[in-house]
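Q: Place chain R on chain F using the hints.
Residue numbers (full-length UniProt numbering), protein chains in the order written: chain F, 1 to 295; chain R, 1 to 235.
Keep in mind the hints are simulated off the structure, nothing from the lab.
The structure displayed is predicted, hence computed values, not measured ones.
The C-beta atom is built at its ideal place from N, Cα and C for all residues, glycine as well.
Mixed in with the good hints there might be a few duds.
Unchecked claim - Simulated restraints on C-beta separations:
1) G72(R) x G109(F): 28 to 38 angstroms
2) P74(R) x T171(F): 23 to 33 angstroms
3) Y16(R) x L173(F): 27 to 37 angstroms
Claimed, not checked - Per the computed footprint, the stretches of chain F lying under chain R, defined by three or more beta-carbons under 8 angstroms from a beta-carbon of chain R, are:
4) 33-43
5) 170-181
As the list claims (entries may be wrong) - Only pairs whose alpha carbons sit at most 20 angstroms apart, straight line, appear in this in silico EDC-like list of lysine to aspartate or glutamate:
6) K200(R) x E31(R)
7) K135(R) x E269(F)
8) K135(R) x E89(R)
9) K199(R) x E221(R)
10) K135(R) x E182(F)
11) K199(R) x D223(R)
Here is how the chains run, residue by residue.
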Amino acid sequence: MSTIFGVPAPALYGQILIGLINGSFYAMLSLGLAVIFGLLRVINFAHGAQYMLGAFAAYLLLTYTGIGYWPALVLAPLIVGAIAVLIERFMLSRLYGIDPLYGLLLTFGLALILEGAFRHWFGAAGQPYAAPPQLTGALNLGFMFMPIYRGWVVVASLVVCIGTWLLIEKTRLGAYLRSATENATLVQAFGVNVPLLLTLTYGLGAALAALAGVLAAPIYQVSPLMGTNLIIIVFAVVVVGGMGSILGAIVTGYMLGVLEGLTKVFYPEASSIVIFVVMAIVLLVRPAGLFGREE
Amino acid sequence: MSSAPLLEVRGLNAWYGESHVLHGVDLDIREGETVTLLGRNGAGKTTTLRAIMGILRRREGVIRLRGKDILGLPLHRVAQAGIGYVPEERGIFASLNVSENLMLPPTVSDGGMSVDEIYTLFPNLYERRSSQGTKLSGGEQQMLAIARVLRTGARFILLDEPTEGLAPVIVQRIGDVLVALKKRGMTILLVEQNFRFAKKVADRFYLMEDGRMVNSFPGHELDARMDELHEVLGV
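Next up, chain F with everything else stripped away, as it sits in the complex (with noise of 0.2 angstroms):
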């Protein structure tokens, strides 16, 4: 069998492809993240309850109703998006103006409410989600098996990072959102209708986070849990990205997700620790991130 730095060459691809599909999720909670946090100036602790109520969705539409993946790829984020838009309009809009602490914690106590709901409903044990059988089965790729489901995420969500960015960088819409994030204010003095845009952020941002909890619900299990344990990790890589950089959110989330891949292979005993590593490095000598612009 071929090694790599004495490394089983099969071990390494399959590391490297473990970590592109959690730098995958890393990278859709991280844009959706930034992006909230570049106009509201909130720092949404709900991220990881809203990716793991699209997980819920998809699971709760399919048993219900035998509505199954593909249309629920759709349906999840309108059901989380308009939720969101809820929240922001009669909550989270209240508290603009006033110290972002306290958005921090109106999403956090909201992120613990809707968790500790699920987990009385459901139990705290994942309930099981299958792939479409459309991409069920692997693909041999010469050098490694690839599950068809994992490629298909880690596609889906490159599509998905490309698209928002491609809309906030080259649409109207979004110049009006990165204007906005400079000065709302004045925006809104040109005629912008700024509180809405404020609330279509918002719900952009949890539909993000939903569509990330569809494509993983096949794969990490449905539970009431699943965002907690990503939520952190992802809060490290919008720092390291720099808070607000959408850019650097989608390039930060695929490369500690390889890195912690990477370290799965090498030295596996840093691997739940090295992106915060990474963060620490990061913060000390590039304090407004990667990709972050100096204040």
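A: Just chain R, lined up with the frame of chain F:
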């Protein structure tokens, strides 16, 4: 000339937090007029513009545009009522390029300048349309800030110290632009410290002191009132 003013401000009071900064300001601007606010730093000129625009929210009194009350409107509806705002700090966005900055404010009515007309009026902006907005020189940023509201079709423009900190040749250029806008029938409320510049464009002056309007007079009286102005303005 129609009898009702385009903009009618009556007894306008405004506060920054607890601090009472405008004390019963009255102001009338007729369609097509260029009116200049004079006053020392801190007299309340910029505050008056911000209060009219609705950026400063804590206000009492009456602000009517074409007879319609705009004081109660949400901020984004004021621009939609047909006012273009060019802030003192120019407000060019760093995360947008020149062309995106230009296209940012939504159209508020028909009859705005086309992008071609704007680039003809400001050839520099055309050459630098792909540059980051804040990479422009101060003069170019000011041109962009003005050009931006001309595109929207707003017929009434609030201009806050457009010549501040700019070289004489640029000031001249901005003066030419304002004269051209007047010819097109635009209504302009200008805050300006530069007398010579203001004299060239203003039909009437208002003089502010300590958050109050203390005097108003037609443009041609400016020279005759120089002594009085020097006393109030301390220049």
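Q: Would you mind marking each hint as holding or not holding in the structure?
A: So, going through the hints one by one against the coordinates:
no., hint, result
1, G72(R) x G109(F): 28 to 38 angstroms, "holds (34 angstroms)"
2, P74(R) x T171(F): 23 to 33 angstroms, "holds (24 angstroms)"
3, Y16(R) x L173(F): 27 to 37 angstroms, "holds (33 angstroms)"
4, 33-43, "violated (count 0)"
5, 170-181, "holds (count 6)"
6, K200(R) x E31(R), "holds (18 angstroms)"
7, K135(R) x E269(F), "violated (48 angstroms)"
8, K135(R) x E89(R), "holds (15 angstroms)"
9, K199(R) x E221(R), "holds (10 angstroms)"
10, K135(R) x E182(F), "holds (16 angstroms)"
11, K199(R) x D223(R), "holds (9 angstroms)"
Consistency with the previously given hints fails for numbers 4, 7, ordered from lowest to highest.
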